[in-house]
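Enquirer: Each chain is listed here by its residues.
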Amino acid sequence: MSSKESILAAIKGLNMEEKPLPEIPDFAVASDLVEAYTHSLNANKGTVVSKVELEQMIADTGFAKIYSSSPSFASYSNCEVPQHPADFADLDLAIIEGQFASAENAAIWLDESNLDLRAIPFITAHLVIVIRKENILGNMHEAYQRIGATKSGFGVFIAGPSKTADIEQSLVVGAHGAMSLRVVIL
Amino acid sequence: MSHPENATVFLKDKARAKWHDDTLWIVRQKRDVTIHQIPEWEKLRELASQIKDHTLSKLDFYLEELEKNATANGIKVHWAENAEEHNQIIGKILDEKKCKAIVKSKSILTEECHLNPFLEEKGIEVVDTDLGERIIQFLKQPPSHIVMPAIHLKKSDISEIFHEKLHTEKGNVDPVYLTHAARLHLREKFLQAKVAITGVNFAVAETGEFVVCTNEGNADMGVHLADTHIACMGIEKLIPRRKDLGVFLRLLARSATGQSITNYNSHFRSPSPGKELHLILVNNGRTKQLAREKFRNSLKCIRCGACMNTCPIYRRSGGFSYGSTVPGPIGSILSPGIDMKKYSTLPFASTLCGSCSDVCPVKINIHEQLYEWRQEITKAQGSSLKGLSMKLANGIFKSPLAYRISGKMMRASLKTLPDSIIYNPLNAWGKGRNLPDLPSESFKDWYKKNR
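Sequence lines, in order, name chains E and B. Be aware that the first sequence starts at 1, since it is given in full-length UniProt numbering, and climbs by one per residue. Be aware that the second sequence starts at 1, since it is given in full-length UniProt numbering, and climbs by one per residue.
Be aware that a few hints might be false.
Unchecked claim - Per label pair, the in silico range of CB-to-CB distance: (1) Met340(B) - Lys12(E): 45 to 53 Å; (2) Glu293(B) - Ala30(E): 38 to 46 Å; (3) Pro436(B) - Glu17(E): 47 to 55 Å; (4) Ala30(E) - Ser2(B): 44 to 52 Å; (5) Val49(E) - Leu191(B): 51 to 59 Å; (6) Ser113(E) - His163(B): 40 to 48 Å.
Stated by the list, open to error - Residues on chain B that point at chain E, a partial pick, calculated with CB under 8 Å: (7) Glu40; (8) Lys58; (9) Arg250; (10) Asn265; (11) Leu414.
What the hints assert, rightly or not - Simulated crosslink set (DSSO-like; lysine-lysine; CA at most 30 Å straight-line): (12) Lys45(E) - Lys379(B); (13) Lys122(B) - Lys58(B); (14) Lys45(E) - Lys155(B); (15) Lys122(B) - Lys151(E); (16) Lys4(E) - Lys154(B); (17) Lys151(E) - Lys155(B); (18) Lys275(B) - Lys133(E); (19) Lys151(E) - Lys58(B); (20) Lys68(B) - Lys92(B); (21) Lys341(B) - Lys12(E); (22) Lys12(E) - Lys58(B); (23) Lys68(B) - Lys30(B); (24) Lys76(B) - Lys151(E); (25) Lys12(E) - Lys300(B); (26) Lys4(E) - Lys275(B); (27) Lys194(B) - Lys68(B).
Honestly, the hints are just simulated from the structure, not real lab data. Glycine included, C-beta positions come from ideal geometry on N, C-alpha and C.
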């Protein structure tokens with residue numbers, strides 16, 4: 001008997017009585033979603049910036065390698081998507097579009113339609129995600145309703161920069177992935 | 001070694017034990033602050049509990065659904081009856097790829113299966129990429145907590161091991177400096193790795209996808225740079241529908257650390273073009289636990305660690321005192337199911353205060369199961385010293401004369417007996433406990449005089 005057969009047989013042999021699967025109700029959400037979103041993002045160590053503030057930041061920092069797949073910031077892109085993601089190891093800044101966000105926890109949904117390479121939001125030193133104001137939802141239930149049955153090989157909720165508290169519970173931003181997350185709400 | 005013996009070792013360094021206790025309590029308090037911002041918190045716990053109950057009651061059906069849908073997505077699904085088979089499956093994939101080094105993000109299952117020593121024996125370099133896990137890997141220690149693996153260490157310990165392994169400045173204990181050194185070190189490993197291994201937080205039967213949650217982004221750095229991703233999951237990690245993730249992602253991080261969500265929540269459904277994605281479904285005793293009706297719902301656990309952070313025993317005895325892969329209250333009801341003899345002291349490492357059950361996001365009745373395990377273990381062990389004294393007490397309580405005489409004798413003798421006799425090793429109750437002051441007369445004598 002294969003392991004699959006023996007595992008399934010062991011479960012079937014228990015003749016368990018089926019327990020009901022609950023429906024998930026709607027829950028109340030914040031009235032001012034942009035404010036709630038901003039508050040949640042700050043708690044996750046990310047920041048909301050305006051278009052002007054972002055443009056100023058790029059001018060001030062003088063990043064050498066910038067990749068943008070956001071039409072709103074297309075002119076800043078100065079490199080092509082490489083064949084192998086490791087060739088983006090020196091990427092300073094990535095600007096990408098997010099589909100929608102959940103105000104309760106600042107999580108932004110991206111899937112392969114937003115990511116020319118799955119590694120981009122992780123390997124870049126700094127990350128900017130652009131979202132539309134009308135795409136800020138209340139909570140994760142609304143977010144999954146929005147995702148619905150969409151099919152993508154990879155999807156991710158990003159809610160902040162890479163961080164860790166593994167050294168004596170001291171919060172440090174910039175563990176392995178992006179060292180900062182800025183969100184532009186248009 | 002038993003839990004009390006191990007705990008004694010932990011408690012030798014009183015200052016560190018106090019710090020450990022305080023640190024975990026802060027995490028528990030952070031959890032409290034966050035959950036009070038969610039008015040529907042209790043409803044979410046109820047939903048999560050019902051979803052998991054339902055899934056376990058139809059686990060065979062959902063496992064087949066998962067396999068069917070994942071396979072259709074291009075994921076290669078494997079089944080492993082036990083830890084050895086799990087390790088063999090990974091070994092075989094690595095052999096086929098002629099792979100000599102892998103990166104791995106946090107997976108308690110691979111700890112349970114002792115994957116690292118298995119691979120190292122085959123000459124494969126294993127790099128744990130979660131910062132806490134990398135630290136304890138350098139120290140050749142197991143994790144002492146399932147969410148915060150290096151919670152037992154001070155920054156001076158970490159500074160020392162980083163100085164030795166990563167040549168950081170001697171004595172520099174700045175967490176930012178140390179984390180940055182680890183970032184540089186691990187980035188090199190990520191860029192070289194051809195195969196990345198991850199755990200699984202949730203697998204969705206309906207879509208054949210699985211979700212991995214991290215704050216550091218280490219799972220994503222590993223898998224998106226490698227050509228092959230191997231994900232390992234216990235068969236209880238299933239949920240039926242994609243929308244159920246909404247419930248669980250709201251509960252997981254808030255329960256674990258008090259954050260509203262982990263910063264990266266990655267949903268893997270099919271491999272990138274030209275790459276490979278493997279999913280290993282592991283039993284390793286889970287169907288046995290499923291068969292034990294009283295302990296079945298311990299399989300609802302989503303590994304948030306909240307029960308550890310709140311437990312007065314865990315906080316004061318440390319994760320290593322349990323000697324099991326999953327420590328703390330939840331570990332104490334899972335581990336005896338794996339090996340009752342080896343883990344026989346764990347269900348007794350509890351005050352049965354019930355705080356673990358109160359904070360559990362999937363409403364596992366942990367403290368009641370601890371009590372149930374005590375019955376099972378006592379039955380299996382037969383008569384013990386405590387059993388002997390109970391028999392003696394039975395004789396005394398049966399005879400009114402024996403009761404009167406023994407009471408007088410005890411009041412007289414306890415005053416004069418040396419502590420070494422009262423607190424002898426045979427008296428387990430005398431350990432860490434003091435006798436109350438003795439009354440000078442029995443209630444019966446007092447009543448005769450005062451009625």
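Enquirer: Hint by hint, work out which the structure violates, then give me just those numbers in ascending order.
Expert: 1, 5, 11, 12, 13, 15, 16, 17, 18, 23
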